[in-house]
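Undergrad: Here is what each chain is made of, one letter per residue.
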Amino acid sequence: MSPDDAVLSFENVTKRFGQRVAVDAVDFALTRGRTLGLVGESGSGKTTCIRLALGLERATSGTVFFRGVRLGRSRRSLRPVRKQLGFVFQDPYDSLDPRMTLERIVGEPLKIHGVRRSERSERVRAALSDVGLPDAPLDSYPARFSGGGRQRIAIARALVMQPSALLCDEPTASLDVSVQAQIVNLLLSLKQARGLSMIFVSHDLGLVRRIADDIVVMYGGRVVEAGSAAGIYERPRHPYTAALLAAVPGEHPRRRRITSARRAIGEASGSPAVDSEPPAADVTGCVFAARCPRADRSCRTTRPALELLPDGRKVACFFPVGEEGTSDAASGPADGGEVVPAVPVGPLSAHMQGAAGVSGGAAVTSGVDVSLD
Amino acid sequence: MSKKRERPAGRRRIPPTLVVGGTILVLVMAFALAAPLFGNPLHENLTNGLSVTGMPLGPFSKGYVLGTDTLGRSMLSRLAYGARTSLFVAFVSNITSIGVGTIFGLVAGFYRGFAETVVMRFTDIGLALPYVLAALVLATILPSGITRVIIIITALFWAYPARLVYGEVLRLRGRGFVEASVASGASGRSTIRSHLFPHLMPMLVTYSPLNAASAIFFEATLSYLGAGVNPPTASWGNMISDGQSALSIAPHLLYEPGLMLLVTTAAFLLVGEGLKVLNPDLTRLSWLGA
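Line by line, the protein sequences are chains A and B. The end of the first sequence is residue 373 by our numbering, with every number in the run present. The end of the second sequence is residue 290 by our numbering, with every number in the run present.
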């Protein structure tokens, strides 16, 4: 991607909180008109990236650029950028002031950026209809709305300034599953209608798959893999990405077999169990080494750089998945079929004991014990 | 107002403490407002205001329902003007001390950094001061009068609300709607005005009667010690002080202003308790800090 295509780019951005590194020398860019899925488990630094872009945190080092302009530190210099950056936070019960009416909530950015009062109600009304709340009374309070309704209000607030980019920080994570789809569909249609560039932070890979064009996978504050969404879903190269994808439940019965196979391998290759504390600043080597089955001594001493592979993928790994020349069924571009094993088993063998506790047809636990030879 | 419409009907009952305390306060205020009706508090009626032996008249004497003091002045009138003093001090020092505390708490909690360190260390010092001693020291360097009382009370009473506001602001600034306002480009002032202040109001309103009770009590203490309102201006505190010397011959000089002080302070506390019932998350507020 050429740099002038970048709406928002992170260049070597590091954010430390005391001894902990939340974001560690991160490099990625949001391309105009595209949606970037920022994925990773809790504590991987996804949200911190969004907060850095919004100026809610200041980078310890490195720079965030918005359309080629360096994000300054002062509020005055951030103002024009903030006008162009809409945002949606995770929890709509927290992000809307319970003591404000809809008109004041959605109209707040307008007020901040000096839009005349007479014009405001009209634009608030328009923004609310855009998010599917055309009849919401402007003098009502957020308490009247459900989670989905509140998130729509938050999206209306994000869009009322007609921004060029939208940053969504897990906008569906605190919503009911049935409502999640509505919100994602709303974001998709808004994006198409307005040509918005969007960063969509999520740990839900199923959702990201629906909405993202590009994917950036973060682990322990670092970008471990980046590339097109289609490519990454079909053929993850970083062991962590592979493990993460393997943990996604199947979406379709026909895929279930493949997914469970993936899961077995995924569990073996470093379970994405939550380890929410960011790693200490003095970790040398690969941040994923401790949980990675492919790691050898070099992974623990030297940090792999994010390198561009021939297929356009960027991976920070010395031993990317699918490069040993073993049973590499998935090598080459995905040939149309959904059912392609994404991760070659390689020389691993997994013994599973006491797999999957299933009750009443619903998979409650998958207490899989795995041992490696 | 539309705000009221949103509230589920009948969820909040007015607590009896609020009714009782409020009623007493209204009566005390009416008493203070009606003060001119009860005569001149400074008139020393040495002929009819004292007994033949020169003693103060007791309660229910002819012309003096609550008796007279050692100088033959009407106790009823002095108590009414004393109520004016007390309520005036309570009202003004409440605004100044809570106002100063709120500003400091907001600045420290919202802007953090250096301001936070400085302000909160001063707050610690303010909370650690021995009140009476500090007040007496201040009294020696300030010109006397009711302004002095208000300055002293403000100087000693701002720290507790500052601490309360600071804690609340720290909690609020992590809330999504505050961050959303900042991320939209709002100035600190506008975020404070539109998001923080409205959320601080219930706490401040609940705290203010407690603060007023302390202020009235403290004004009386200062006047009693001679560091407050100057005689001959009536204050319950200096009336108690006067009454002390005549305790054996005219106990009403002590218990009348004492009772007024007690009842008024209690009424403020009852109102404060009542407001706490309306805001259950504020039960941590307590009278006299601590």
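One or more of the hints may lead you astray.
Stated by the list, open to error - For lysine to any residue, the following SDA-like pairs were computed, each having C-alpha atoms within a straight-line distance of at most 25 Å: (1) K191(A) <-> S121(A); (2) K111(A) <-> G188(B); (3) K83(A) <-> S248(B).
These are calculated hints, taken from the structure and not from any lab test. Please read all numbers here as calculations on a predicted model, not as lab measurements.
Undergrad: Decide, hint by hint, whether the structure agrees.
TA: Status of each hint after checking the structure:
For the given pair, K191(A) sits about 23 Å from S121(A) by alpha-carbon distance, which is consistent with the 25 Å threshold. Annotation: proposed proximity of K111(A) to G188(B) holds, straight-line Cα distance about 14 Å (limit 25 Å). Distance restraint check for K83(A) and S248(B): the Cα-Cα separation of roughly 77 Å exceeds the 25 Å cut-off, and the hinted pair is therefore not satisfied.
Violated hint: 3 only; the structure is consistent with all others.
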